[in-house]
Amino acid sequence: MRRRDLALAVAALTAGAPRLPRAQGAQLVVGTWGGDYGEILRQAVDEPVARPAGLEPVQDVAPAPPRKAKLLAERQARRGSMDVAALSDVDMYELAQHGMFDPVPESVRRQAAIIPALRKPYALPHIYSARVILYNPNRVPVAPRSYADLWDPKYRGRIGLSDLLYAQYVETAAIVGGGGNSDFAPAWEKLREWKRLGARVSPSNEALAAALKSEEVWLTVMWLARGFMWKKSGIPLAHVVPSEGATSITYEMAVPRNARNKDQAWRYMDAMLDVRAQAAFADRMGYVPTVTDAPLPAELAREISLSAEDQAKLRAPDYGYMAGMAPQVLEFWNKEFKG
Amino acid sequence: MATLILPATLLVLALLVAPLVFLLRISLNEYSPTQLMIEALSPANYLRAIADPYYQEVMGTTMTVALSCTFLALVLGLAPAYWLARMESRWKSLALILTLFPLLVGNVVRAAGWMALLGRDGAINAALQGLGLSGEPLTLLYTKGAVIAGILAVVAPYMILTLAAVIEGIPRQVEEAAANLGAGPLTAFRRVILPLAAPGVAAGCVLVFILCMNAYATPVLLGGPQFKMMAPAVYDQFVRGTNWPFGAALAFLLLAVTLTLTVIGGAALGRRAR
Numbered sequence: 001m002r003r004r005d006l007a008l009a010v011a012a013l014t015a016g017a018p019r020l021p022r023a024q025g026a027q028l029v030v031g032t033w034g035g036d037y038g039e040i041l042r043q044a045v046d047e048p049v050a051r052p053a054g055l056e057p058v059q060d061v062a063p064a065p066p067r068k069a070k071l072l073a074e075r076q077a078r079r080g081s082m083d084v085a086a087l088s089d090v091d092m093y094e095l096a097q098h099g100m101f102d103p104v105p106e107s108v109r110r111q112a113a114i115i116p117a118l119r120k121p122y123a124l125p126h127i128y129s130a131r132v133i134l135y136n137p138n139r140v141p142v143a144p145r146s147y148a149d150l151w152d153p154k155y156r157g158r159i160g161l162s163d164l165l166y167a168q169y170v171e172t173a174a175i176v177g178g179g180g181n182s183d184f185a186p187a188w189e190k191l192r193e194w195k196r197l198g199a200r201v202s203p204s205n206e207a208l209a210a211a212l213k214s215e216e217v218w219l220t221v222m223w224l225a226r227g228f229m230w231k232k233s234g235i236p237l238a239h240v241v242p243s244e245g246a247t248s249i250t251y252e253m254a255v256p257r258n259a260r261n262k263d264q265a266w267r268y269m270d271a272m273l274d275v276r277a278q279a280a281f282a283d284r285m286g287y288v289p290t291v292t293d294a295p296l297p298a299e300l301a302r303e304i305s306l307s308a309e310d311q312a313k314l315r316a317p318d319y320g321y322m323a324g325m326a327p328q329v330l331e332f333w334n335k336e337f338k339g
Numbered sequence: 001m002a003t004l005i006l007p008a009t010l011l012v013l014a015l016l017v018a019p020l021v022f023l024l025r026i027s028l029n030e031y032s033p034t035q036l037m038i039e040a041l042s043p044a045n046y047l048r049a050i051a052d053p054y055y056q057e058v059m060g061t062t063m064t065v066a067l068s069c070t071f072l073a074l075v076l077g078l079a080p081a082y083w084l085a086r087m088e089s090r091w092k093s094l095a096l097i098l099t100l101f102p103l104l105v106g107n108v109v110r111a112a113g114w115m116a117l118l119g120r121d122g123a124i125n126a127a128l129q130g131l132g133l134s135g136e137p138l139t140l141l142y143t144k145g146a147v148i149a150g151i152l153a154v155v156a157p158y159m160i161l162t163l164a165a166v167i168e169g170i171p172r173q174v175e176e177a178a179a180n181l182g183a184g185p186l187t188a189f190r191r192v193i194l195p196l197a198a199p200g201v202a203a204g205c206v207l208v209f210i211l212c213m214n215a216y217a218t219p220v221l222l223g224g225p226q227f228k229m230m231a232p233a234v235y236d237q238f239v240r241g242t243n244w245p246f247g248a249a250l251a252f253l254l255l256a257v258t259l260t261l262t263v264i265g266g267a268a269l270g271r272r273a274r
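For the protein sequence lines, the chains are A and B, in the order given.
The numbering of the first sequence is this note's numbering, which starts it at 1 and goes up by one.
The numbering of the second sequence is this note's numbering, which starts it at 1 and goes up by one.
Derived from the structure by calculation, the hints contain no laboratory data.
These numbers were taken from a predicted model, which means no experiment stands behind them.
Think about it this way: if two alpha-carbon atoms lie no more than 27 Å apart in a straight line, the pair counts; the simulated DSS-like pairs of lysine-lysine are: (1) K338/A <-> K195/A; (2) K154/A <-> K231/A; (3) K154/A <-> K338/A; (4) K120/A <-> K313/A; (5) K213/A <-> K154/A; (6) K335/A <-> K70/A; (7) K335/A <-> K144/B; (8) K144/B <-> K213/A; (9) K195/A <-> K335/A; (10) K144/B <-> K195/A; (11) K262/A <-> K120/A; (12) K338/A <-> K144/B.
Bound conformation, chain B alone (with noise of 0.2 Å):
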């Protein structure tokens, strides 16, 4: 058995630790305009990026899109989640389909088409001309709003698959039962099925969760210059200022945050589910 893991795990370990320790490495030098970077092995990058309010104030903003990402989700996801994961017609495949429907979309043509509804020249703002319920037209993209509304209608099919899967495996025996004890249907799910369906809901706001965290394209297309995550940040140092040794070291700041959120939020919610 275990010659048979040892070709995937070799591939594992070559594809993804060999590049996070080369990244890591990377991180410790120090760097110079003329010669990329000099060998080190200096924590300056890490405690520059850590007292630096600038950087402070983008990881503070990346969890706070991350986190209103993952609730909205969590919150507008249960109930088309239940509604799938119930439903027994002909149509449910045809449903599932568009629950994926998103996803099929790259991320920047998908912004592309947030671009086109929220622009001043916009969908949406020429509606609200249209009818006259605005003079001016409003400024809806290159906003935190823009941002959050887009990176949710990216990571909402996750959170419904995730949740649907888990509601699915929850016997419908155990409803009848809370209704024939007197429970209505918003009790039976807030009582039965919610706690039931809690390892549903703590793996769903955790992929979520990451994926909000290290969301590139939508802060980019949708936040404009102005509005900074920590995605965008890392690359900026890489490819516009040259700096890999800071842009490593940003890179591995945002890993070990959403990986110590992740551990207390997952071990949060499992205790819950317990």
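The following block holds chain A by itself, in its conformation from the complex (with noise of 0.2 Å):
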């Protein structure tokens, strides 16, 4: 074979080859979703905010768990492949035992203006929501009031749940069950009553919203922004805050502390905590700002937020605990729940 033959066989071949994210300069690598959420995070944070102030964001994009197993496999690597990561707070939590962030600097200007209850040493917040039931007004005429209303036999087989969300089923039948954030013992025997009731899971959050929108199941627990979401794409759903009380979810940002643009990264979380950015994740996607001065038009916080009442009933997810019972919840799910 000819030299420039073999040229071409190595371009051709490497040419659908993946790029590995690495920042050069200005660059930082940022670990995100794909979907709705890397689009708007491109949309409203690297465009209009974070390339103005001299930042080239780089998106490394994966579901959370490869994402975190990622995290993980590089914990002890001089360096790492990402400087900003995105995971909820309950993996952010997790990973923030093994020692993986750096603690958030005085230089992130925007942090004074977080809410309070959602400051982190080593994490920042971006958009939160809470836990609620959703379900179909044109099949259940009379809403549910409680996570518990869920197990009422006369919604057997038409209630719908996501393979991706199994903790957050463990918690709402702890919680129904008796036990609540820090208890999950009564979760079981309620999951195995749900499961007996024939609740379905669907392999993802989309499959999910397929199987409401076909009306296959017509109820759900889920995140009210992803309600939002859903409901603007023409899903007929109504949501209610359940009576127990709704559990609050953050999605988080955090520096590894093995970056390499540790500098560019934190100038980032400035940049994610804009006003101009966290309004429109809120318009967008349905999630409340996190800082207390991004304007809310009062038709949407009516949608996305929740009442004073039910605001003074949410409930904070136990991390400690949950990262304690993480592997106790897996095998339940995988081999009674779904087995």
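Can you join these two chains into the complex? Each is in its own frame, and there are hints to help.
Shown next, in the form of structure tokens:
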């Protein structure tokens, strides 16, 4: 084979190979979800705020579990591949226990605007929502009031669940069974009961949305924000804040200890907390801003935030307890609930 | 000569053997939710996986699916392989490309195609309901049948091409001699071609069986959340459960079972060839 042919062959072979994201200069790698989140991050944070500030964010797109695995695999390495990692508060706490992240420095100016309850030493809150009940008002004329109502035999075979949110359902079942965010012991029996009542597991949130749309299932437990997006996409849905109190979910961003571009990473946090970026996530995805100064139109606020009464009952996840229970929760979900 | 082989050998050692040794070491560690893993030299993960009825069932499903797919690929692949091997027209290269065509599409994309076909609102259900053959949409997706069909579509080209290569090497005169002695085409195929092609059958079956045992994307996408084969179970432990030691032990058990069955099956088929 002539040298030119060889070069062409190598070029052809590597043409389709994925490029490893690697930041240079003002660049930084943001480990994030793809889909709507990644797209809105690009449109609402990267383009209007981060780039004018001289930053060049590059997205490393993956679902949360592979991102966690990647961070764990790289934790001993001198230089990691991500400068900013986005994860849920539960996942972020779990990784912070491994000493994965740098503490948030004073230099992040916007942290002063953060809602005090959402502050953490190892991460900055990006957006938040709460876990509510979504139901199809055409099929369920009398709205359920509580999580416990979802165990009513009249909804047999009509409860849809997403395989990704298994830990949330365990917590929900624990609350119904008389336990709570720090006591999952009553969850197992309630989940067995739910399984007997024909609760169906969809492989992804998107598959669950399709099942709700086709009216295969009528009710689910889901983030209020996602319910807002699904409603906007034309799925017949209404939401109820459960009488037991909704549990909050915060999506956070942190800087791994071995990030290569820490200065840029912390400057990106300011962009992420910018009022314009925060308002855009509320408008497009239905997540509530984590800063106190982002404008939220009254009509939108009604759709995506909780009333004062519901806020008073808001439950906070017990991160330490959840991290400790994680193996048992996954094992029960895989072996018993789905088995 | 030995000096020439050395760089390649070292490369294989570095890229294949070293990660396996590393994984083997991890499999002997203890899991810790807060420290990821604790250094140990314990067979506990292996013992737990072997004793657990859940993983016995997952391994059983994996073996059933792999054996079914291998058998079906062989039965369905023999005729096209023979036809391809004996083809003399100028369309032969086109036929070869068509056989390879499914491999040009990634596993995930191909599975997405199957989902569009088999889903509740998919093409098959739409056709059945349109023709009035079924009232309610049938559950076709997220079944073992869907997984077997999906994997079969991936592995069939490997079987066909392996068989065709061997059949091509069998001289035509052997078939003519069989016909001369009064054997019909089917008898000639069964008593002459098939025994002569046995090494190809063995190679094709081994190749396909290994691919099926390790299938990941197809069982995840077409089997749905309730269907479990070993490769997705290994991934689940590493990525969702962050239990690397147990995931590594499961991976080695899968490797051991695949290797054992491959050696036994290969030897049995090889004996028949002699």
